[in-house]
Amino acid sequence: MRASQDNAPPLREIFGAEIERLADRLFGTALRFTRNSDDAEDLVAETVAKAWARLEELRDPRAFEGWIQRILSNTFVSEWRRRRASPVVQSETEADCDGEPFSLFEQLHQPFLLWWTNPEEAAVQKLLREDIDRALDALPEAFRIAVILVDVQGNSYGEAAAILGVPVGTVRSRLSRARAQLQRELWRHARDAGLLP
Amino acid sequence: MSERHLDCEQVIRHLLEYLDRELDDRTMAEMSRHLEQCRGCFGRAELERKLKESLQAAGSKRASSRLRSRIKAILDSF
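Protein sequence lines correspond, in order, to chains V and E.
The working numbering applies: residue 20 is where the first sequence begins, and numbers increase by one.
The working numbering applies: residue 741 is where the second sequence begins, and numbers increase by one.
These are calculated hints, taken from the structure and not from any lab test.
Glycine is no exception: its CB is placed at the ideal position from the N, C-alpha and C atoms.
Each statement offered as a hint is correct.
Computed cross-link-like contacts, SDA-like style, restricted to lysine to any residue with a CA-CA straight-line distance of at most 25 Å:
hint: 1; chain 1: E; residue 1: 812; chain 2: V; residue 2: 35
hint: 2; chain 1: E; residue 1: 790; chain 2: E; residue 2: 756
hint: 3; chain 1: E; residue 1: 812; chain 2: V; residue 2: 33
hint: 4; chain 1: V; residue 1: 69; chain 2: V; residue 2: 58
Simulated DEER-style distance windows between Cβ atoms:
hint: 5; chain 1: E; residue 1: 748; chain 2: V; residue 2: 29; range: 51 to 59 Å
hint: 6; chain 1: E; residue 1: 777; chain 2: V; residue 2: 175; range: 23 to 31 Å
hint: 7; chain 1: V; residue 1: 58; chain 2: E; residue 2: 780; range: 40 to 48 Å
hint: 8; chain 1: E; residue 1: 745; chain 2: V; residue 2: 43; range: 43 to 51 Å
hint: 9; chain 1: E; residue 1: 764; chain 2: V; residue 2: 39; range: 33 to 41 Å
hint: 10; chain 1: E; residue 1: 745; chain 2: V; residue 2: 29; range: 56 to 64 Å
hint: 11; chain 1: V; residue 1: 58; chain 2: E; residue 2: 748; range: 37 to 45 Å
Put together the whole structure using the sequences plus the hints.
In structure tokens form, the structure reads like this:
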């Protein structure tokens, strides 16, 4: 990425405007990764500094968001793997995620399904948004990270596998189990909130 | 190449990969064709799509003024 004309805004201004535009998405993604506001802010700050230092690597300015999101996820995953390798930290295993298949669709009653698909039901939508956050945060870390990489950030399975340093099949398997667990949690929350008859 | 028809069980099994656009072109087309014709599978696909959209939305939260100030300070230092 470089300024192409003499009268173009300085590169730092363009970079700053892009960061300003993406601040909510960067913070939101970082918050899902870290589950803690202070850590999420640290992660965003580190990402911004790294992105500026590596700006020459960005070939297509239109790909800025994906590029900086990748820096953010790589930064988080590197630290996560380092912590995971530490003997002090008890790492989560695949067994921590309930592997039983679960489909929200099969559990839902029709009135709830209509609420879900009706954007005018603001209260229900808000509740579901909060439930999504809570259900996502409750997943075992390896599964949560796979969901964030693919569903939140929009990476392909191959890109997520490269970031995590695992085979594509592992990403596919973690996603499948994580999504079943997410749906199970959402169903429980909906039931507890009285949304289900 | 002859046209292959997927049954509901096959469609449900591949549904998440379909929504993630991780299937080959031929299977993507066969999935789309089935979903156009099958109300049950279409309803399930719509719910899964909504869930996926909700997950994507979970990745956007208002950055605090403290974080914005911190970013500005970082940018000013460049």
